[in-house]
Amino acid sequence: MSDRTAAAPESLLASPDQVSQREITQEIQDLHAAYARREEAGETLPTTMHDFPPYRSSILRHPTKNPKLVDPETIELLSPAFGQRDVAAVESDLTIQHAGEPLGERMTVRGRLLDSWGRPLANQLIELWQANSAGRYIHQRDQHPAPLDPNFTGAGRAVTNDNGEYLFTTIKPGPYPWKNHVNAWRPAHIHFSIFGSSFTQRLVTQMYFPGDPLFALDPIYNTIWRPQDRDSLVGVYDHDLTSPEWSTGYRFDIVVDGPDATYFEPEEA
Amino acid sequence: MTVPARTHRPTPGQTVGPFFAYGVEYPRMHQVAFPHSPGAILLAGTVHDGAGSPIPDAFIEIFGADADGTVPRARGAFRRDDHTFTGFGRAFTDDDGHYEFWTRNPGATAGRAPFFAAVVYARGLPDKLHTRIYLPEDERALEADALLASLSADERATLIATRTPEGHLHHDIRLQGEKETVFLAF
Numbered sequence: 347m348s349d350r351t352a353a354a355p356e357s358l359l360a361s362p363d364q365v366s367q368r369e370i371t372q373e374i375q376d377l378h379a380a381y382a383r384r385e386e387a388g389e390t391l392p393t394t395m396h397d398f399p400p401y402r403s404s405i406l407r408h409p410t411k412n413p414k415l416v417d418p419e420t421i422e423l424l425s426p427a428f429g430q431r432d433v434a435a436v437e438s439d440l441t442i443q444h445a446g447e448p449l450g451e452r453m454t455v456r457g458r459l460l461d462s463w464g465r466p467l468a469n470q471l472i473e474l475w476q477a478n479s480a481g482r483y484i485h486q487r488d489q490h491p492a493p494l495d496p497n498f499t500g501a502g503r504a505v506t507n508d509n510g511e512y513l514f515t516t517i518k519p520g521p522y523p524w525k526n527h528v529n530a531w532r533p534a535h536i537h538f539s540i541f542g543s544s545f546t547q548r549l550v551t552q553m554y555f556p557g558d559p560l561f562a563l564d565p566i567y568n569t570i571w572r573p574q575d576r577d578s579l580v581g582v583y584d585h586d587l588t589s590p591e592w593s594t595g596y597r598f599d600i601v602v603d604g605p606d607a608t609y610f611e612p613e614e615a
Numbered sequence: 052m053t054v055p056a057r058t059h060r061p062t063p064g065q066t067v068g069p070f071f072a073y074g075v076e077y078p079r080m081h082q083v084a085f086p087h088s089p090g091a092i093l094l095a096g097t098v099h100d101g102a103g104s105p106i107p108d109a110f111i112e113i114f115g116a117d118a119d120g121t122v123p124r125a126r127g128a129f130r131r132d133d134h135t136f137t138g139f140g141r142a143f144t145d146d147d148g149h150y151e152f153w154t155r156n157p158g159a160t161a162g163r164a165p166f167f168a169a170v171v172y173a174r175g176l177p178d179k180l181h182t183r184i185y186l187p188e189d190e191r192a193l194e195a196d197a198l199l200a201s202l203s204a205d206e207r208a209t210l211i212a213t214r215t216p217e218g219h220l221h222h223d224i225r226l227q228g229e230k231e232t233v234f235l236a237f
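Top line first, the protein sequences correspond to chains D and G.
Read left to right, the first sequence gives residues 347 to 615 (the working numbering).
Read left to right, the second sequence gives residues 52 to 237 (the working numbering).
Only chain D is shown next, with the shape it has when bound in the complex (with noise of 0.2 Å):
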């Protein structure tokens, strides 16, 4: 065991370098460039890189080792088992939390969970977390300038449908500094995690919105290299979604990811 202590959580959120946007925003385009060239002399590369330097606190956090490539057994072809038991229904009203109302642009965010067949993965649970409209976030170590809402926590739970939807209700979140290099804003964006059909299919992500100034100087979007799996997390506005005088909607589907072991059902295997 190492004798090593750990260093304060609040001193971890800040890298050492601190160097310009313009170096992190060169590095992000230098490193696509690098995986296309590899990928086009046929190596295949995951969806998002681990090995990722712009995003400064991955440097040492990250496997140097390519992953082992397993046959999955039972208790990994299996997921825990979820149900109302374990989510009310109104965790996924993130806006009826508290006494008041919170500010900000309230807005639904609905969609549906796949397996890679298309297939709706039902009564699987769905976590959510976000900063509030002004881009704070409630937790503890989130100490920079901008207020917190006494009306908003930012946390929520839902369970799919048999059709394997699920619909949030929040406020739409804001831009957040954090301290990766100099002036680094993270894009507005929503955490998702995600439980399939099967452990293997664990996920977690984020969702971002349509159109933000902020995708291509971000490290933790650019982690993912190819612009349409890059594309795949903005959630979509849907005016179909948005209700009179009440909230803007947009629409986010997830896709857990194989493997082919999980084509069947359990009952089947």
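Treat the hints as calculated values from the structure; they're not laboratory data.
Only a predicted model underlies this, so the values are computations on that prediction, with no experimental measurement involved.
Beta carbons are placed, not taken as given, at the ideal position from N, Cα and C, and that holds for glycine.
Any given hint might turn out to be false.
To be verified - Not the full set, but computed from the structure, chain G residues with beta-carbon under 7 Å of chain D: (1) R130; (2) D178; (3) K179; (4) L198; (5) A200.
Place chain G on chain D using the hints.
Quick look at chain G alone, frame taken from chain D:
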């Protein structure tokens, strides 16, 4: 029967970021088994970065079979009733990078080496990492295990927990560097 070609591109994963705690925490989430109940053990260890420093803002999830080898199908992992075994738990690392679960030793399924399926998340980790935490006792089953057999001795050691004199399990996870934990793709 052959598996048809996949028609849908998977949604890419992203880091959990720095402020996940209030989003994914729930009461007694690390108590897969009720503490000190018959058969309950601690599964504990430290998560390290490539410099050997403990990581204070990571979390681990485990999913494991019950002591008789059956895969839990009971609901309620997010609403513990303190007696139903759902097999699933989640633990944050503390300020020293330490995590711990109360759980049960998974039993063997069809004579295979028993293990916990585990997933690691952290600030600074761009996407989740899958791994396994094997029980150390059944050496014959460990030798016969297809994954372990494909690894070097050093790599194998990163996947097999250590039994403490008290009967608990100790298992460190290293995201990078010498003794880097073996992570999995399916």
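Going down the list of hints, with the structure as the test:
1. R130: 6 Å, holds
2. D178: Since the shortest Cβ distance to chain D is 4 Å, the answer is holds.
3. K179: 6 Å, holds
4. L198: With a minimum Cβ separation of about 5 Å from chain D (threshold 7 Å), the hint on G/L198 holds.
5. A200: 11 Å, violated
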